[in-house]
Amino acid sequence: MDRQPQEAPVVLAILDGWGHRDSATDNAVRLAGTPNMDVLWQTCPHTLIQASGSAVGLPDGQMGNSEVGHLTIGSGRVVRQELVRIGHAIRDGSFWRNPRFNALAQRLEDRGATLHLVGLLSDGGVHSHVDHLAGLLRWAARRRFSRVCVHGITDGRDTSDHAGLGHVKDLQQLMTSLDCGRITTLCGRYWAMDRDHRWERTARIYRLLTEADNNRHPDPAAAVQASYAEGIGDEFLEPHRFGKEVLQPGDGLICFNFRPDRVRQMIRALVLEDFNGFPRPTWPGPLDVVTFTRYEQGLPVEVAFPPQPLDHLLGDVVAEHGLRQFRIAETEKYPHVTYFFNGGKERPLPGEDRHLVPSPKVATYDQTPAMSAWDVTDGVISAIAKGVYSLIVVNYANPDMVGHTGIIDATVQAIETVDACVGRIAEATHWAGGTMLVTADHGNAETMCSPEGKPWTAHTTNPVPFLLLEGEKRKIPGVGNLVELRDNGTLADLAPTILEILRIPVPPAMGGRSLVASSSRIRPVAAERTAQFLGV
762 MDRQPQEAPV
772 VLAILDGWGH
782 RDSATDNAVR
792 LAGTPNMDVL
802 WQTCPHTLIQ
812 ASGSAVGLPD
822 GQMGNSEVGH
832 LTIGSGRVVR
842 QELVRIGHAI
852 RDGSFWRNPR
862 FNALAQRLED
872 RGATLHLVGL
882 LSDGGVHSHV
892 DHLAGLLRWA
902 ARRRFSRVCV
912 HGITDGRDTS
922 DHAGLGHVKD
932 LQQLMTSLDC
942 GRITTLCGRY
952 WAMDRDHRWE
962 RTARIYRLLT
972 EADNNRHPDP
982 AAAVQASYAE
992 GIGDEFLEPH
1002 RFGKEVLQPG
1012 DGLICFNFRP
1022 DRVRQMIRAL
1032 VLEDFNGFPR
1042 PTWPGPLDVV
1052 TFTRYEQGLP
1062 VEVAFPPQPL
1072 DHLLGDVVAE
1082 HGLRQFRIAE
1092 TEKYPHVTYF
1102 FNGGKERPLP
1112 GEDRHLVPSP
1122 KVATYDQTPA
1132 MSAWDVTDGV
1142 ISAIAKGVYS
1152 LIVVNYANPD
1162 MVGHTGIIDA
1172 TVQAIETVDA
1182 CVGRIAEATH
1192 WAGGTMLVTA
1202 DHGNAETMCS
1212 PEGKPWTAHT
1222 TNPVPFLLLE
1232 GEKRKIPGVG
1242 NLVELRDNGT
1252 LADLAPTILE
1262 ILRIPVPPAM
1272 GGRSLVASSS
1282 RIRPVAAERT
1292 AQFLGV
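Just so we're aligned, residue 762 is where the sequence shown starts under the numbering used here, counting upward by one.
Take the hints with a grain of salt, since some may be wrong.
Said to hold, decoys possible - Below, computed lysine-lysine pairings styled on DSS-like, alpha-carbon distance capped at 30 Å: (1) K1147 <-> K1106; (2) K1234 <-> K1147; (3) K930 <-> K1215; (4) K1106 <-> K1122; (5) K1215 <-> K1122; (6) K1147 <-> K1236; (7) K930 <-> K1005.
To be verified - Beta-carbon label-pair distances, calculated as ranges: (8) G854 <-> D1114: 40 to 50 Å; (9) F1036 <-> G992: 30 to 40 Å; (10) R943 <-> S855: 21 to 31 Å; (11) L939 <-> E991: 27 to 37 Å; (12) H923 <-> Q867: 38 to 48 Å; (13) E991 <-> D799: 40 to 50 Å; (14) L939 <-> S855: 19 to 29 Å.
Keep in mind the hints are simulated off the structure, nothing from the lab. Think of the CB as a built atom: it goes at the ideal place given N, C-alpha and C, for glycine as much as any other residue.
With the sequences and hints as input, model every part of the structure.
Right, dumping it as structure tokens:
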């Protein structure tokens, strides 16, 4: 790079799943060699911010996740999440009066059709919650449905890998007490919740739901126990059928996942007549489908809990001021820096460019801990060099996606890869005179084992790091050359911080506030050390 670009960008690097925990025990972040993050942490303004629970619109004590994290970052406010919203509807009784549910019930009663309930059996609260399924079953019992089939997806990723057995037993007990419903199929989320167009996986769940075969198992709990005995946990549970019922034209289906990104691939296969992801020997359409939330625009389904309107998000405000922005991530996290970051809007904003880097086609990411991080980094550096973008948002998926495997050595490699990428981007941003913000959307890789010593594959409630590398052309206004960051911040404070750096007024709709302390100072020697580290 010989010539400085005209536009000095603000670069927001989101290290997905890079949480903070002091102890190095079973902590892939602490066990990894991270010279770049170490020096930046020592020499740049930094703090820890909250990314879970009520700080991001979830119940207290509920771990954060990528969807919630990116929505909170992009909106600059605490948004009541669907987990809370639906739970509140069950508690206040409005769930039973939901017009989409009751209209579906009336149509099925008129036709004498079967009701199918499909979703993740989990108390992780990331994609679904078993309490919501319990609410649906109680509603179905009130409506006196005679045929209710539950098609359960076991988790093992946002929960322990053997939690599914307890959920299956609890579900069976509830259905017996209500005299409503039966578990018709089970399979792991590996098959049912792919989001990377691995259609061979989706085809397995599609055939399970639509094709009756004679290879039926007598008992769901026994099938799960047998899977455990073979060393197969919940995530990878093979598709199992327990009843003869399959999806038929005119049947009703309610999908109770509230997070869209990992369920819409399966739903597309079930509801789209012109679907071409894989050959379908039979299509059960047209089905009468209600989804808990909107999975994507244009699907022929009803939505029980429509999106909450959000305006004046970070991307909106940047676009309204005529500035250009760039979003980049690999496949696994691309929806998060686009769809979720923009508050559930599919289309790019005016002046918003996007770049999708394909994720490696492997069964699990411990096989390739680097994933596509180097290509993502090249894309960021190219965007900086163009000199046209005021805001660049990049996500590194490695700490989260490799952390979900529970394999600590591979996660350490993932952390070290991302650290090297952060160093490259920091150097490019500094050269361009821009300012770089480094943070995470939730914790994961910093906790790799449970208190019982078993692999921990879920997210955490730990805080996440936030550091700021200030550039010559993107100085914090009003505080000279020296900045400090305040404590007690949350992900909702990132958008106001970025707008302050861009010298754009923060809209009243944003409830967050800048992380820059009102009386900012940074040690001059620290700034000098950072410049030396970057070789400038």
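Hint-by-hint comparison with the structure:
Between K1147 and K1106, the direct Cα distance comes to roughly 26 Å. Compliance with the 30 Å bound is thereby established for this hinted pair. Taking the CA atoms of K1234 and K1147, the gap is near 16 Å; set against the 30 Å cutoff, the hint holds. With a C-alpha separation of about 22 Å, the suggested pairing of K930 with K1215 holds against the 30 Å cut-off. Among the hinted pairs, K1106 with K1122 is consistent with the structure: their alpha-carbon atoms are about 27 Å apart, no more than 30 Å.
With a CA separation close to 27 Å, the supplied pair K1215 and K1122 stays within the 30 Å bound. With a C-alpha separation of about 21 Å, the suggested pairing of K1147 with K1236 holds against the 30 Å cut-off. Distance restraint check for K930 and K1005: the Cα-Cα separation of roughly 21 Å lies within the 30 Å cut-off, and the hinted pair is therefore satisfied. At roughly 46 Å, the beta carbons of G854 and D1114 sit within the given window of 40 to 50 Å.
Distance hint check: the CB atoms of F1036 and G992 are about 34 Å apart, consistent with the given range 30 to 40 Å. Here the CB-CB span from R943 to S855 is close to 27 Å, well matched to the stated 21 to 31 Å. Between L939 and E991 the beta carbons are some 32 Å apart, a value that agrees with the proposed interval 27 to 37 Å. Evaluation of the 38 to 48 Å hint for H923 and Q867 yields a pass: the beta carbon distance comes to about 40 Å.
At about 43 Å, the beta-carbon gap between E991 and D799 stays in the expected band of 40 to 50 Å. Between L939 and S855 the CB atoms are about 20 Å apart, so this pair conforms to the stated range of 19 to 29 Å.
Against the hints set out earlier in the document, no violation occurs for any number.
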